Structure formats: C-alpha cells, structure tokens
Amino acid sequence: MSSHAATIAAAGHIAPGTAGAADAGRLVLLRDLKLAFRRPGQLIQPLAFFAIVTTLFPLAVSPELSRLRAVAPGVLWVAALLASLLALESLFRDDAYDGTLEQYALSGQPLTWLVFAKTATHWLLTGLPLALLAPLAALSLGAPPQSLGAIVICVGVGTVALSLIGSVGAALTLGIRRSGVLLALLTLPLSLPVLIFGARATELAMRGESFVAPLELLGALAVLGVTLAPLAAAAGVRISLE
Amino acid sequence: MNWRWFHRLGSPPYVYALARRLTPWFGWLSGLSMLAGLYGALLVAPADYQQGEGFRIIYVHAPTAWMSLMVYTTMAAAAAVGLIWRMKVAHAVAASCAPVGASFTFAALATGSLYGAPMWGTWWQWDPRLTSELILLFLYLGYMGLRGSIDDPQRADRASAVLAVVGVVNVPIIHYSVTWWNSLHQAPTVMRFGKPAMPGSMLAPLLIMLLAFTLFFAALLLVRLRAEILNRERTASWIPEVLKS
Numbered sequence: 001m002s003s004h005a006a007t008i009a010a011a012g013h014i015a016p017g018t019a020g021a022a023d024a025g026r027l028v029l030l031r032d033l034k035l036a037f038r039r040p041g042q043l044i045q046p047l048a049f050f051a052i053v054t055t056l057f058p059l060a061v062s063p064e065l066s067r068l069r070a071v072a073p074g075v076l077w078v079a080a081l082l083a084s085l086l087a088l089e090s091l092f093r094d095d096a097y098d099g100t101l102e103q104y105a106l107s108g109q110p111l112t113w114l115v116f117a118k119t120a121t122h123w124l125l126t127g128l129p130l131a132l133l134a135p136l137a138a139l140s141l142g143a144p145p146q147s148l149g150a151i152v153i154c155v156g157v158g159t160v161a162l163s164l165i166g167s168v169g170a171a172l173t174l175g176i177r178r179s180g181v182l183l184a185l186l187t188l189p190l191s192l193p194v195l196i197f198g199a200r201a202t203e204l205a206m207r208g209e210s211f212v213a214p215l216e217l218l219g220a221l222a223v224l225g226v227t228l229a230p231l232a233a234a235a236g237v238r239i240s241l242e
Numbered sequence: 001m002n003w004r005w006f007h008r009l010g011s012p013p014y015v016y017a018l019a020r021r022l023t024p025w026f027g028w029l030s031g032l033s034m035l036a037g038l039y040g041a042l043l044v045a046p047a048d049y050q051q052g053e054g055f056r057i058i059y060v061h062a063p064t065a066w067m068s069l070m071v072y073t074t075m076a077a078a079a080a081v082g083l084i085w086r087m088k089v090a091h092a093v094a095a096s097c098a099p100v101g102a103s104f105t106f107a108a109l110a111t112g113s114l115y116g117a118p119m120w121g122t123w124w125q126w127d128p129r130l131t132s133e134l135i136l137l138f139l140y141l142g143y144m145g146l147r148g149s150i151d152d153p154q155r156a157d158r159a160s161a162v163l164a165v166v167g168v169v170n171v172p173i174i175h176y177s178v179t180w181w182n183s184l185h186q187a188p189t190v191m192r193f194g195k196p197a198m199p200g201s202m203l204a205p206l207l208i209m210l211l212a213f214t215l216f217f218a219a220l221l222l223v224r225l226r227a228e229i230l231n232r233e234r235t236a237s238w239i240p241e242v243l244k245s
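Residue numbers (the numbering used here), protein chains in the order written: chain A, 1 to 242; chain B, 1 to 245.
Next comes chain A alone, as it looks inside the complex (with noise of 0.2 Å):
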C-alpha cells in the first residue's frame, strides 16, 4: 500500500538524528497533505456536505432572502461545526490502524508537536476550504456581498479552533468502534464558545458594523486551543497506544 511506504518513510525521516522537531512537524506535514491529496474524493466529501447542509435551510424556512439573512450567521457556523466534525473521525483513525501514530511515539519526537502537525493538516484541508467556501453560501443565504470577506476571516479563525477542539476528542476516540456519535457529544459541547462568537461575529458582519471584539475572542480561542489543545490530543494518543 502507497501510505504503507509512506509510513515507513516518514518515520524513518523524523528521528531526532536526521531531523529537528521542526522538520518533523513539516515532514508530518506534508506526508498528510500528500496522502490527503492521493484521495481526493475524501477532500471533497466536508465541503458538498457543508453545501448540502446550507442548501437545506432555504428549503426548510423560506426562500425569502429577508427571513434568510436572520438565519444566516447561524446556519453558516453549525454547518461549518458539522462538517469539521465529519472531517475528524478520520483524522488519526488511519495512522493508528497501520501503525504510524506508534511509530511517531517512539521516533524520539515530542509527540504533542506531531499531533499538532496533523492537526495543522486538518485544519488546511477542512476549516480552510470551509472558509473559502462559506462566502459562497452566505451570499445564497442573502449576506451582502461586502461582508464577505469578513466571513471569510471569521470561518477561518473560528476553525482553526474547532480543528483544536476537535483533534481531543479524535484522539480520545481512537480505537472504538463506531466512534462517529460519541465524538460529536464530546466535541460538540467543548465547540459552543466557538459557535457563538463566530455566529456573533458574522451576523455583526452583515449588518456592516464593527466584528472585531467577537472576531478576537474567536482568535483567543484559537490560541488557547493551539496552547493547551495538542497537549490533551498527545496524551489521548498515547492511551490509546498503552
């Protein structure tokens, strides 16, 4: 198997005496995103459900882009939520199986840095495509075409912390079967303050006043996440490999 030789590459290139951690992190990096790209129907599968999902509600409510706009910020963010969550089941589930993630405890390489390299990778390969995306949808949802780069900014924030939040409770996950409902009930409760600030941000948005003060609780999240987040999803990791 491709991801076979790969595995074998990769953990033979992040010892501590051929590479530095920071190589590490970037050859993790880019082993996933090289991987991810392989297979390039699963990319796809988080943004069509994110369209899916946004297409839904125009149907259910209204088509009136008046009753739309209310909704907007709120539908924009739980599908992105839904959808960055899709995308996590898989974040470790393949390595664990073939036995990478073993391989990258033992390398000699701090672990939570890896784990953060592949939570890196989820974040580029969802809550980026997501951000770039949601402009899209905001603007079926009646947003004003001004505010769009601003959603722009505020999903790809707010993501960056759900990839985080979500990467702990993956990590926690790995090893049970059928692990995809649980993983939304641990997760989901941990994202709320990420749902309600970017929601907050984005309605502030379309009615073009001032987002800044939501959109930088947002970013606090984001970096309280990328302090605290890789720490848990390491030491999840690593139970699950006892």
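No wet-lab data here; the hints were simulated from the structure.
Keep in mind that this is a model prediction, so the values were computed, not measured.
There's no promise every hint is true.
What the hints assert, rightly or not - Some chain A residues well away from chain B (every beta-carbon gap over 10 Å; in silico):
1. 40
2. 103
3. 207
Stated by the list, open to error - What the simulated footprint calls covered on chain B by chain A, stretch by stretch (three residues with Cβ under 8 Å from a Cβ of chain A suffice, anywhere in the stretch; the number is not a length):
4. 139-147
5. 168-179
Said to hold, decoys possible - Partial list, computed: chain A residues near chain B (C-beta under 10 Å):
6. 49
7. 165
8. 171
9. 172
10. 174
11. 179
12. 181
13. 188
14. 195
15. 199
16. 223
17. 224
18. 235
19. 238
20. 240
Note that CB positions come from ideal geometry on N, CA and C, so glycine has one too.
Starting from the structure of chain A, add chain B where the hints point.
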C-alpha cells in the same frame, strides 16, 4: 511533611474500609441536616413577597445546581490525581462521581424548569444559567459515554480522565460565553432572582440545604466507591476476607 496518609489512599483495601466506616456518618449527618433544612425551608421561611410560595423550590434547585458543578470539579480533581500519580482509587472516585453529578444536573434542570413555569410563565427560557447547566449535562453524558465505550478498564480510566480535565478547563469558558451570548439576545426584562439580599430566615435554610446536599453527595460517593472498588478488585485476595467481616 508526612505524606503517609496520601500513600495510604492509593491502597484499595484501606480506602474500602475507610469508606465503609465513614458512610454512616455522612449519611446520618446528611439526613439530619436535610430534615432541619426542609423544616426551615417549608415552615419557617416566609413566602416571598413577589414570588409567593413558589420560590421555595429554590431550596432544592440551588443546592442541586451547586452540587452539579462541585461534583464535576471533584471528578476532574480525582481524574487529575489518577493521571498524575497513576492512582487506581482516584480513577474509581472519578468513575463513581459521574452518574451522581449527571443526576444532580438533571435535577437542577428539572427544578429550574418547574421554577420557571410560574415565574417566567414558560417551562424553558434560554437563561444563561439554565443553558450552562444543560451543557454541563452534555459534558457528563460525554464523559460517561466515553468511559462506557472503551473496553479496557485502564484505558477507559485514563482517556476519560483526560476528558474530565479538558472539560473542567472549558466549563468557565462555556459559562462566560453563554452569559455573553445571552446578554445580547435576551430582553432585559427577564426576572433576576437569587442575588438580592435575603433575610436570615430565608437564607439560613438554604445554607443548611447546601450542607445537607454536600453531605448527601459524600455519602453517595462512598457507597458507589465501595461498589466500584469491589468490582475492579473482584479477583483480589483481600475481598473475601473483607466481605466476611
């Protein structure tokens, strides 16, 4: 400093015997203080001039809400001790806390809803405190769900301990973000209660009920802890001796 007492807490037979000795104390003290508190709450305390007799539900609602948070903190502290010192008994404490805490949270939500029906005229309000309480219930359910889904007991202990610690970091963040969210969406006419100065005859029963519920939790925890230890150590040689005595 002498750490002997702490090391002894790592021994399941010692903790089992200690729990058995302490349970009646906490149980009886809890029962007595609850009777005293209920007497004060239902008979002594005057009816509220705005809320009438209905306010008396606060004597159950406030202690259960208080306990829901305290149990979560206890659970997270025990989980952290279990993670750091690899103490089996601490994990057993955390495991025993979760269903009790979830029940307190559910009771707080139910009494809050009953309280809301006459006071707000609706069974449910997206009040920040009720919303935070609901999210706390989800956190408990997630913890129990994770613990229940992992077959290996040691892995279940450690994974759910990480989750409890992550949760306790997030509880204040969730609480403040929900409060902030609520201040934007809720009309400011919602009745605020709880904070205004209470006369002593109203406050004293509330404090006694808080104490009674705390003792009740301690007694319940000790009983559950014994069951948990028996279950975990069921193959150990000390069990038959202890059960005979």
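Now the hints, each set against the structure:
Distance check for residue 40/A against chain B: the nearest CB is about 32 Å away, which clears 10 Å, and the non-interface claim stands. Listed as a non-interface residue, residue 103/A keeps its Cβ farther than 10 Å from every Cβ of chain B; the least gap is roughly 20 Å. Listed as a non-interface residue, residue 207/A keeps its Cβ farther than 10 Å from every Cβ of chain B; the least gap is roughly 13 Å. Given as covered by chain A, the region 139-147 of chain B passes the check, having 5 residues with a CB less than 8 Å from a CB of that chain where 3 are the minimum.
Using a Cβ-Cβ cut-off of 8 Å, 6 residues of the region 168-179 of chain B lie near chain A, which meets the minimum of three, so the contact claim holds. Checking residue 49/A against chain B: minimum C-beta separation of about 23 Å lies over 10 Å; hint violated. With its C-beta approaching chain B no nearer than about 9 Å, residue 165/A sits inside the 10 Å limit, and its interface hint holds. Contact between residue 171/A and chain B, as hinted, is supported at the beta carbon level, the nearest pair being about 8 Å apart and thus within 10 Å.
Because the closest C-beta pair between residue 172/A and chain B is about 5 Å apart, less than 10 Å, the hint holds. With its C-beta approaching chain B no nearer than about 9 Å, residue 174/A sits inside the 10 Å limit, and its interface hint holds. Because the beta carbon of residue 179/A sits about 7 Å from the nearest beta carbon in chain B, less than 10 Å, this interface hint is met. For the restraint placing residue 181/A at the interface with chain B, the shortest Cβ-Cβ distance is roughly 8 Å, inside the 10 Å limit, so the hint holds.
About 7 Å separates the beta-carbon of residue 188/A from the nearest beta-carbon of chain B, less than 10 Å, and the hint is met. Using the Cβ-Cβ criterion of 10 Å, the hint placing residue 195/A at the interface with chain B is satisfied: the shortest such distance is roughly 9 Å. Contact between residue 199/A and chain B, as hinted, is supported at the beta carbon level, the nearest pair being about 9 Å apart and thus within 10 Å. Using the Cβ-Cβ criterion of 10 Å, the hint placing residue 223/A at the interface with chain B is not satisfied: the shortest such distance is roughly 12 Å.
Against a cut-off of 10 Å between C-beta atoms, the interface hint on residue 224/A holds, since the closest Cβ of chain B lies about 8 Å away. With its C-beta approaching chain B no nearer than about 5 Å, residue 235/A sits inside the 10 Å limit, and its interface hint holds. Because the closest C-beta pair between residue 238/A and chain B is about 9 Å apart, less than 10 Å, the hint holds. For residue 240/A, the interface hint holds, since its Cβ comes within 10 Å of a Cβ in chain B; the closest pair sits about 7 Å apart.
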